[in-house]
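Colleague: Sequence:
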Amino acid sequence: ESSNTTTWQDRTSALPMSAAVSAAASVSPVDIDLDGDLDLVIADAGSMMSAGGILVYQNDGSGNFTDITASSFAGVSTEAAFIVSFCDYDLDGDQDFVAGGGIDSMTAFPYPTRLYSNDGTGVFSFEQEFVSTLNSANNFAWGDIDGDGYAELLMSEGGTLTSSGGVQSMALFNNNGGIFTLNTTFESETFNNTVEETTSVEFGDVDRDGDNDIYMSRTDSVDGALNILLINDGTGNFVDESLTRLPQMNNGIGDKSSDAQFVDVNNDGFLDLIVANSHLSVSPDDSGDMLLNYGALNPGVFYDSPTLFPDVLHEHLGIRLGIETGDVDLDGDQDVIMHPHEFFGNGAFPFVGRPVLFLNQGGAQGGAIGEFAEDPNFWVLGPFTTFISYYGKLFDADGDLDLDYYVPNYGGIVDPTNTADHFLINNL
1 ESSNTTTWQD RTSALPMSAA VSAAASVSPV DIDLDGDLDL VIADAGSMMS AGGILVYQND
61 GSGNFTDITA SSFAGVSTEA AFIVSFCDYD LDGDQDFVAG GGIDSMTAFP YPTRLYSNDG
121 TGVFSFEQEF VSTLNSANNF AWGDIDGDGY AELLMSEGGT LTSSGGVQSM ALFNNNGGIF
181 TLNTTFESET FNNTVEETTS VEFGDVDRDG DNDIYMSRTD SVDGALNILL INDGTGNFVD
241 ESLTRLPQMN NGIGDKSSDA QFVDVNNDGF LDLIVANSHL SVSPDDSGDM LLNYGALNPG
301 VFYDSPTLFP DVLHEHLGIR LGIETGDVDL DGDQDVIMHP HEFFGNGAFP FVGRPVLFLN
361 QGGAQGGAIG EFAEDPNFWV LGPFTTFISY YGKLFDADGD LDLDYYVPNY GGIVDPTNTA
421 DHFLINNL
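Heads up, the sequence shown is in my numbering, so the first residue is 1 and it goes up one at a time.
Source of the hints: derived by calculation from the structure; they are not laboratory data. Beta carbons: idealized from backbone N, C-alpha and C, even for Gly. It is possible that some hints are incorrect.
Label-pair restraints from in silico Cβ distances [what the hints assert, rightly or not]: (1) 235 to 294: 21 to 27 Å; (2) 144 to 269: 17 to 23 Å; (3) 383 to 184: 48 to 54 Å; (4) 184 to 253: 42 to 48 Å; (5) 66 to 307: 43 to 49 Å.
Produce the complete structure using the sequences and hints provided.
Modeller: Pasting the structure below:
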């Protein structure tokens, strides 16, 4: 049984006022001004109380945040966005970002995916739009695929549960010394289709051959869909080896997956996979929620491990949207937070759906590394705090070397004013 070694203090009230009214889907902790602490950049998709845009919160080093959005985009306007993702794409020593997935509330048309460059002090300027066959982009991954030191940008169009109807579901932009060009070969590959929608993309070297491979989580509007593993040949060309490297879940139909993350859960030096699946559509018994890498025995080949990650229908996690990993108790192994979609409950409370922390049972818990159990003491905000959450982040907000937690609130399924983000300090 899990023993809790962390306590969490609610610091939500200390956030800027804009954090209470934005409909935020993602947050990026990043040192935008190179002062040694992690600031926050938040994608606001827009709500009844907010027009949407990119929010910037500056950290004073102690976990106190000030909204400096106005001075961070001097002379530059930003539109509503679903997601932001940071990378030093031009290798000038500061963090830049890409934003996308926003919808124009007046026309219902998607805003383009845009790149913003950092001047080194945390002031951003617009650089370019990314033009492809995608209607929009709701997920990004950065990774160097050809060994030149510059990170390529991979984006996927998929929503969380339904197809969006684009021509392709992914677009890959090669980075040539800070200049991006659309990879037309990748665009025309058979795996890049919208028969099943690609909901998220992840780079990782699954076979430890020195290059970045790609994992695609996918879904279908009716049934499940088989997730895909693409192996890099070392030059940036990819081959679909899913049939020989991934378990065929749900009797070969596949999961309804919203997100995935590479992480070494058992400290064997090989990347495993945590996958966010809908358990309301595909039963937990048939879902592949944690896929282990065979490691040195068969590098880059994965198997399902239902006995090591809780394989039950969790009240708050019927629809799992996003994943965050990190060592919250500083015991040397990786823990997992699942982010849910708010839904109608069956018990005393009308709604369910809150983030859930699963502690790795190695280290401080005294059990087997790579086996997980829920931490019942994690969510300190009470049973009525339910909402839709996608991409919360663990990061050291106050410089005490443990991981704190910020989770954006995308809203509620009934109450559109339920949009306040939440911030928890880890008092390890």
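Colleague: Mind listing which of the numbered hints don't hold for this structure, in increasing order?
Modeller: 4
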